[in-house]
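Participant: Work out the full structure: start from the sequences and follow the hints.
Protein sequences, first through last, are from chains Y and R.
Using my numbering, read the first sequence as starting at 1 and increasing by one per residue.
Using my numbering, read the second sequence as starting at 332 and increasing by one per residue.
Since the hints were derived computationally from the structure, they do not count as laboratory data.
Hints are all accurate, no fakes.
With the Cβ distance kept under 8 Å, some of the chain R side facing chain Y (calculated, not the full set): (1) E538; (2) A539; (3) L541; (4) G544; (5) V554; (6) P557.
For every residue, glycine included, the Cβ atom is placed at its ideal position computed from N, Cα and C.
Spelled out, the chains give:
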Amino acid sequence: MAEVSLTGVTKCFGADTALDNVTMTIPDGSFVVLLGPTGAGKTTTLRMVSGLDNPDAGQVMIGGRDMAGLTPAQRDVAMVFQQYSLYPHMTVRDNLEFPLKSPILKTSKDQIKRKVGEIAEILQISHKLDNKATELSGGEMQRVSIGRALVRKPMVYLMDEPLSSLDAKLRADLRVELKSIQADSGATLLYVTHDQIEAMTMATHVGVLDQGRLVQFGAPREIYEDPVSIYAASRLGQPRINVLPADVFAGAPSGAAKIGLRPEQIIQGEGEESFVQRVEHLGDQTRLHLTFKSHDLITVTDAHTELKTGDIVKISPRKPFYFGADGARVA
Amino acid sequence: MSFSVTEPNKGTKWFAGVLVVGYALVTIAPLLWIIATGFKSPADSIAYPPKVVFEPSMEGYVNLFTERTRATDDMLEAAGEPTTWYEEIARDQGTVISGPSRYGERFLNSVIIGFGSTALCMILGTAAAYAFSRFRVPLKDDLLFFILSTRMMPPIAVAIPIFLMFRNLGLNDTHLGMILLYTGVNLSLSVWLLKGFIDEIPIEYEEAALIDGYTRFQAFYKVVLPQAATGIASTAIFCLIFAWNEYAFAVLLTSGTAQTAPPFIPTIIGVGGKDWPAVAAGATIFLVPVMVFTILLRKHLLRGITFGAVRK
Numbered sequence: 001m002a003e004v005s006l007t008g009v010t011k012c013f014g015a016d017t018a019l020d021n022v023t024m025t026i027p028d029g030s031f032v033v034l035l036g037p038t039g040a041g042k043t044t045t046l047r048m049v050s051g052l053d054n055p056d057a058g059q060v061m062i063g064g065r066d067m068a069g070l071t072p073a074q075r076d077v078a079m080v081f082q083q084y085s086l087y088p089h090m091t092v093r094d095n096l097e098f099p100l101k102s103p104i105l106k107t108s109k110d111q112i113k114r115k116v117g118e119i120a121e122i123l124q125i126s127h128k129l130d131n132k133a134t135e136l137s138g139g140e141m142q143r144v145s146i147g148r149a150l151v152r153k154p155m156v157y158l159m160d161e162p163l164s165s166l167d168a169k170l171r172a173d174l175r176v177e178l179k180s181i182q183a184d185s186g187a188t189l190l191y192v193t194h195d196q197i198e199a200m201t202m203a204t205h206v207g208v209l210d211q212g213r214l215v216q217f218g219a220p221r222e223i224y225e226d227p228v229s230i231y232a233a234s235r236l237g238q239p240r241i242n243v244l245p246a247d248v249f250a251g252a253p254s255g256a257a258k259i260g261l262r263p264e265q266i267i268q269g270e271g272e273e274s275f276v277q278r279v280e281h282l283g284d285q286t287r288l289h290l291t292f293k294s295h296d297l298i299t300v301t302d303a304h305t306e307l308k309t310g311d312i313v314k315i316s317p318r319k320p321f322y323f324g325a326d327g328a329r330v331a
Numbered sequence: 332m333s334f335s336v337t338e339p340n341k342g343t344k345w346f347a348g349v350l351v352v353g354y355a356l357v358t359i360a361p362l363l364w365i366i367a368t369g370f371k372s373p374a375d376s377i378a379y380p381p382k383v384v385f386e387p388s389m390e391g392y393v394n395l396f397t398e399r400t401r402a403t404d405d406m407l408e409a410a411g412e413p414t415t416w417y418e419e420i421a422r423d424q425g426t427v428i429s430g431p432s433r434y435g436e437r438f439l440n441s442v443i444i445g446f447g448s449t450a451l452c453m454i455l456g457t458a459a460a461y462a463f464s465r466f467r468v469p470l471k472d473d474l475l476f477f478i479l480s481t482r483m484m485p486p487i488a489v490a491i492p493i494f495l496m497f498r499n500l501g502l503n504d505t506h507l508g509m510i511l512l513y514t515g516v517n518l519s520l521s522v523w524l525l526k527g528f529i530d531e532i533p534i535e536y537e538e539a540a541l542i543d544g545y546t547r548f549q550a551f552y553k554v555v556l557p558q559a560a561t562g563i564a565s566t567a568i569f570c571l572i573f574a575w576n577e578y579a580f581a582v583l584l585t586s587g588t589a590q591t592a593p594p595f596i597p598t599i600i601g602v603g604g605k606d607w608p609a610v611a612a613g614a615t616i617f618l619v620p621v622m623v624f625t626i627l628l629r630k631h632l633l634r635g636i637t638f639g640a641v642r643k
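Facilitator: Here it is, written out as structure tokens:
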């Protein structure tokens, strides 16, 4: 396992800038999640590290070695793709053995057998080992695809939305599984997703990307509790942070144009009156859609609340975020 | 890939069925006629009205594979009793077998030239198609158009330049010359067809193999090639059928050593022009290799491209 560092990495595809001067260090043994919407440069970052694409400018280092000019095979990375995960002409076993049989690793037969068996056990696909890859369900395919990365002990694991196509239950199971595999093995893992639950639950560090630029890098709690901008604040938190003009509540600092309120930053029962638009009972929590001075906001309340549409709730902010006109955090 | 298919109704299915069966009969009838003619006697083969029921005879096949001389009574006497069934058939026509015919050699030439050019065409075609599909080739579109343009006229239109070229290069009536010629003619077809098939194979598979520790060539060999098998098989059938059946160039450029079966078969008919059973027998045997080849590769033709293991 190794530390991965990117220094000033820039990549353009024609006129589009996919990555703009990205600098970040992925510490040895960390689980780094890259967050951002489609087109933010998450996958491009993975491809830079893997060597499938090379940066136009900047440097990628893995374990202290400059990767410039090295092929993906020479970099010793393992990658789980979002799509086209398995070699369709091979059985599940062949798929899992494929990386071990590569001319670079040349693993002995016994070892291949042991490793494949181990991984199949962990991912619960032992009974499918002799099936054709095409005969699996989507969930099984993706587990095999993750397994194909895990049979190796590379410098770094790269995963590109590996759980995005799975159903909710399997996704939850694999999330826990992946996290414990990573924690147990001390692997360095760079993981791309746009699912904030994956980011919050698995990551030791989160990198927030916006149009090719890395806007914030830190622990998930740090980004949640201390976002640098409206954009970064919006990446994490369910329901999303409410952004309103700063002057709707008294006490905004100078230079603040917007106020950002997460549900726990809204105290209910004191302050100014708001109007209940809608009440959503989600089971473990209840969401309140409020109208406050003609602005909509969403917060969370007690699961067994008696509130209903048309009621009046008093609200006031508690330690809110303030942002400038450009979206950057001012307080 | 998602699409919806509406189940055709019963009437449509019947109509389609009748159409397919009708078309199959029309295409198979001449084939059956040729096969039947091979087993007729020369008299039956030109009988009018044509005979559908006839007494089968191996005369055509014996005549196809042997050289015979007309024998006088003395010669027949001297030759003694026929020892084999084919000698007996020749004797019945008043001839003795003087040796094997050239059909075997010509047939072998067809096999060497047909399969040789198909193999070469597949190797070059797959390599070119892969390059066009995956790499940034300078002037790619122009090159592809140039390759296609080589088929914009019938190949025989350039017969005379090719004849002169072959004569100067010493390729006239050689196996190598015919293999090169048929490869040249088929290459544009194979590059274009194979490029289509390779384009369909997602590049992610190769990228996965590159990351799994393989070189570009190994990734091509282990991941792309098996998935392109379907395309390669069907393209190979097209190429083989052309090279196998080609007549005009074969007449023009081969006469002896490298003569293929198509220009040879018509010469079997003999001076009298009545030995249709031997011609039909030659044609029947000539059909076999392409049929076997197609049946062997049928699995690939039917299987379609493996879309199963991908999530789209």
